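Participant: Following the hints, put chain C in place on chain R, whose structure we already have.
Each chain is listed here by its residues.
Protein chains: 2
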Amino acid sequence: MRLSKTFIKTLREAPKDEVAKNGALLTRAGYIHKEMAGVYDYLPLGLRVIENIKKIIREELNSIGCEEISMTALQNPEPWEKTGRFSDQEVDIWFKTELASGGELGLAPTHEEPITEMLKSYVSSYKDLPLYVYQFQTKFRNELRAKSGILRGREFLMKDLYSFHATEEDLDRFYAEVEEAYRRIFDRLGIGDCTHETFASGGIFSKYSHEFQTVLPVGEDTIYHNADYSIVLNKEVFNDEVLTDLGAKDEKFEETAGAEVGNIFKLKYKYSEPLGLKFIDEDNTQKIVYMGCYGIGVSRLMGVIAEKFADNKGLVWPESVAPFKYYLVGIGDEGVKKCEEFYSGREDTVLFDDRDKRPGEKFADSELIGLPTRIVISDKTLADGVAEITDRKTGEQRMMSIAELFEKF
Amino acid sequence: MRLSKTFIKTLREAPKDEVAKNGALLTRAGYIHKEMAGVYDYLPLGLRVIENIKKIIREELNSIGCEEISMTALQNPEPWEKTGRFSDQEVDIWFKTELASGGELGLAPTHEEPITEMLKSYVSSYKDLPLYVYQFQTKFRNELRAKSGILRGREFLMKDLYSFHATEEDLDRFYAEVEEAYRRIFDRLGIGDCTHETFASGGIFSKYSHEFQTVLPVGEDTIYHNADYSIVLNKEVFNDEVLTDLGAKDEKFEETAGAEVGNIFKLKYKYSEPLGLKFIDEDNTQKIVYMGCYGIGVSRLMGVIAEKFADNKGLVWPESVAPFKYYLVGIGDEGVKKCEEFYSGREDTVLFDDRDKRPGEKFADSELIGLPTRIVISDKTLADGVAEITDRKTGEQRMMSIAELFEKF
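Top to bottom, those sequences are chains R and C. Each step along the first sequence adds one to the number in the numbering used here, with nothing skipped, and position 131 is 131. With the second sequence counted from 1, adding 1000 to any position gets you the numbering used here.
Be a bit skeptical, because a hint or two may be false.
[What the hints assert, rightly or not] Distance condition first, Cα-Cα at most 35 Å in a straight line; then the derived DSBU-like pairs of lysine-lysine:
(1) Lys-1005/C - Lys-55/R
(2) Lys-1096/C - Lys-16/R
(3) Lys-55/R - Lys-1408/C
(4) Lys-1207/C - Lys-5/R
(5) Lys-9/R - Lys-1082/C
(6) Lys-1055/C - Lys-5/R
(7) Lys-1287/C - Lys-357/R
(8) Lys-1207/C - Lys-54/R
(9) Lys-1055/C - Lys-9/R
(10) Lys-1127/C - Lys-325/R
(11) Lys-278/R - Lys-1021/C
(12) Lys-1055/C - Lys-120/R
(13) Lys-96/R - Lys-1055/C
(14) Lys-1120/C - Lys-21/R
(15) Lys-278/R - Lys-1005/C
(16) Lys-9/R - Lys-1127/C
(17) Lys-1082/C - Lys-5/R
(18) Lys-1393/C - Lys-120/R
(19) Lys-1016/C - Lys-96/R
(20) Lys-120/R - Lys-1313/C
(21) Lys-278/R - Lys-1147/C
(22) Lys-287/R - Lys-1016/C
(23) Lys-287/R - Lys-1207/C
(24) Lys-82/R - Lys-1147/C
(25) Lys-82/R - Lys-1021/C
(26) Lys-1016/C - Lys-270/R
[To be verified] One-sided excerpt, in silico: chain R residues whose CB lies under 7 Å from chain C:
(27) Thr-72
(28) Thr-97
(29) Glu-220
(30) Pro-318
(31) Phe-363
Hint data in this document are derived by calculation from the structure and do not stem from the laboratory. All of these numbers come straight from a predicted model, not from anything done at the bench. The beta-carbon is built from N, C-alpha and C at its ideal position, and this holds for glycine as well.
Isolated chain R (complex conformation):
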């Protein structure tokens, strides 16, 4: 992409009401635009980051046999009334609206009810199970406060996966597969070593659920971890009873802040029973379907990664999610000419700063935008047959021969 051709500009200052670092930096660097608190547009660079995150999640979920669909935001109250969750007392973050032809609708804050209801058309026998169905969908949550940038959205992008099983053992088996897939996802996103599977409360049908918490000072959750993070608990279950249960009574725990980037939950009969999702088993008796649900906050992840790795100069993207790999700057007529030559055919991996601006400004923007590698070709480096390569994360600089550059990058 050519910076001269994109409408986005880096901004000197973030909007005054943007108090979160992720929101401020992503706005200044031209990734997002704030419509209102907790409601953000994705600009060209931001959309590429979102798509990169989705691609990694999609690949890992497809590899364990999950199928992608897309459900709607508008929600018929009926299935939600059967589980008691259409009530504003029960779920206090609904956005609700009215059909012109009469009747109240909700905007989906999650999709357990509609997918359970839908699968009644497709599941009748044990032969139809197990099933794993997911989507990337915009969720709506009417948060009273939303001051954490894209870490807490009123409108945000989520990956939600639902699994359907004939037996509890099969749910347990798949749950463990998702745990592994999630670890691979967070590893590939570059936050594997700071993201920890965390015990959280389980609800009626399960003792615990699990969250994936990324250690982050501005994270909204409080978590407790032992020395090597092999046992991590959300504050809500950090008590003597649970510690005894986990055999961790004698461990030392420290408190830290975490951002919940994923959660996995054995729902069992929670939704399938009130909604009547049943099947005929091998023994010819009718049984209720076991369910699990598994979320990942896609837009929140963009904020977490932005906030986690940023330094005082700007964003620092891991290669797997960066909107482009290379930030290209030419200085002098010959330098620019060589850059054009390099850019040609690499439009999808190179962000070419071909704007009519001073090198200093371009360097500052390259640091704000935070692509992994900056390539500078100037008349001077060209005279030596080299380009200057700068690693955004370490700041390390080295010279690379032009021949090697064209071959390797």
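Facilitator: Then chain C, alone, in the frame of chain R:
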């Protein structure tokens, strides 16, 4: 994809309340699921069709320099109040909702206002123009009636492109480029020869806008065309004055029904003036930005294509939008074994009917699902070293050697 592994099933009957052919067929074939009138989920096959349509549109728009973004559904009333369009009297299809922290919001039925407002952060000089920005976005329209399947959605997917220019001439130039791009898009979607650029009413600032109407008996628009479709008019502008204006007073026109799959509109100052989107021109004076907007109904297109080509056996997809190219059926142990061999490495283009069902059922489903080509390998054909190839559109059958099959497909 293996049919045995997907949760979708073809259904004998469509829901009773599904009166539209596109809705009934796409539901029976497992492409969509109805949440309520005008609100549909996309199942795995349907999502693939949607993504294929998006890919074609994206490629053609990127080729004329457009940039992709993604804006929000939740709308702050402020910019809409400046243009008078937040009023339910002015725009009668709003879904509205309330923020928990106070204040009314709307769900975007279109995005002229927010994008014009947003670009005030990015446009200040003639050097920033022209700009072409688009998105694929879910739109919400509170239609009183929605009985046309996915031809008229209350929640639907639209591609909306907005262009911004320093001069009227530049708007005219780009408008013509979009006309060409739209023709290429509809050609590639397989509906080029039945989709006609149509004069429609223009509003305050322009004499006419243009629609792209696909001739379709159930289309909701009435259009008038001359013998060779070189002049086509929407009923709303089919009058003596306009015919005189177009020099078509002596032509013979016939009436037919059309489905509007796209529209293009010279907005000029309509939104930029009330919202104050201005720039400093080369002559150092402040001027108002010229705008154009260009829509394509993505989910409607899926319905139009489904409805247009379907026959009495089911769907008939053009190759460019079909969710898979080949429907693969094995008969007998050796036939199935050869199918497995063929399927391996072709998971993305082949829908493998590996279900435990009779061939007759599989053939019927292959016709309902409507992929372009069916491949049958049976023990019997295999003995002759061939596979049976059936063209879904023409019904034509031929034998192809197994070697050629592996090489060509």
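Participant: Does each hint hold? Answer for all of them.
Facilitator: Checked hints:
1. Lys-1005/C - Lys-55/R: OK: Lys-1005/C and Lys-55/R at ~21 Å, within 35 Å.
2. Lys-1096/C - Lys-16/R: With a Cα-Cα distance of about 28 Å, the restraint between Lys-1096/C and Lys-16/R holds, given a limit of 35 Å.
3. Lys-55/R - Lys-1408/C: The given pair, whose Cα atoms are some 29 Å apart, holds under the 35 Å limit.
4. Lys-1207/C - Lys-5/R: Holds, at roughly 31 Å.
5. Lys-9/R - Lys-1082/C: holds (26 Å)
6. Lys-1055/C - Lys-5/R: holds (21 Å)
7. Lys-1287/C - Lys-357/R: holds (25 Å)
8. Lys-1207/C - Lys-54/R: It is violated: about 44 Å lies between the C-alpha atoms, which goes past 35 Å.
9. Lys-1055/C - Lys-9/R: With a Cα-Cα distance of about 27 Å, the restraint between Lys-1055/C and Lys-9/R holds, given a limit of 35 Å.
10. Lys-1127/C - Lys-325/R: holds (27 Å)
11. Lys-278/R - Lys-1021/C: holds (30 Å)
12. Lys-1055/C - Lys-120/R: holds (32 Å)
13. Lys-96/R - Lys-1055/C: holds (33 Å)
14. Lys-1120/C - Lys-21/R: At roughly 23 Å apart (the allowed maximum being 35 Å), Lys-21/R and Lys-1120/C satisfy the hint.
15. Lys-278/R - Lys-1005/C: holds (19 Å)
16. Lys-9/R - Lys-1127/C: holds (12 Å)
17. Lys-1082/C - Lys-5/R: Holds. Lys-1082/C to Lys-5/R sits at ~30 Å (cutoff 35 Å).
18. Lys-1393/C - Lys-120/R: holds (33 Å)
19. Lys-1016/C - Lys-96/R: holds (28 Å)
20. Lys-120/R - Lys-1313/C: Answer holds: Lys-120/R to Lys-1313/C is near 26 Å, not above 35 Å.
21. Lys-278/R - Lys-1147/C: holds (31 Å)
22. Lys-287/R - Lys-1016/C: holds (28 Å)
23. Lys-287/R - Lys-1207/C: violated (65 Å)
24. Lys-82/R - Lys-1147/C: holds (27 Å)
25. Lys-82/R - Lys-1021/C: Holds - the C-alpha atoms of Lys-1021/C and Lys-82/R are around 32 Å apart, at most 35 Å.
26. Lys-1016/C - Lys-270/R: Satisfied, since the Cα-Cα distance of roughly 30 Å is no more than 35 Å.
27. Thr-72: Holds, because the Cβ-Cβ distance from Thr-72/R to chain C comes to roughly 5 Å (cut-off 7 Å).
28. Thr-97: Since the shortest Cβ distance to chain C is 5 Å, the answer is holds.
29. Glu-220: At 17 Å from the nearest chain C Cβ, Glu-220/R fails the 7 Å test, so the hint is violated.
30. Pro-318: violated (22 Å)
31. Phe-363: Interface hint status for Phe-363/R: violated (21 Å vs cutoff 7 Å).
In the structure shown, a violation is registered for the earlier hints numbered 8, 23, 29, 30, 31, in ascending order.
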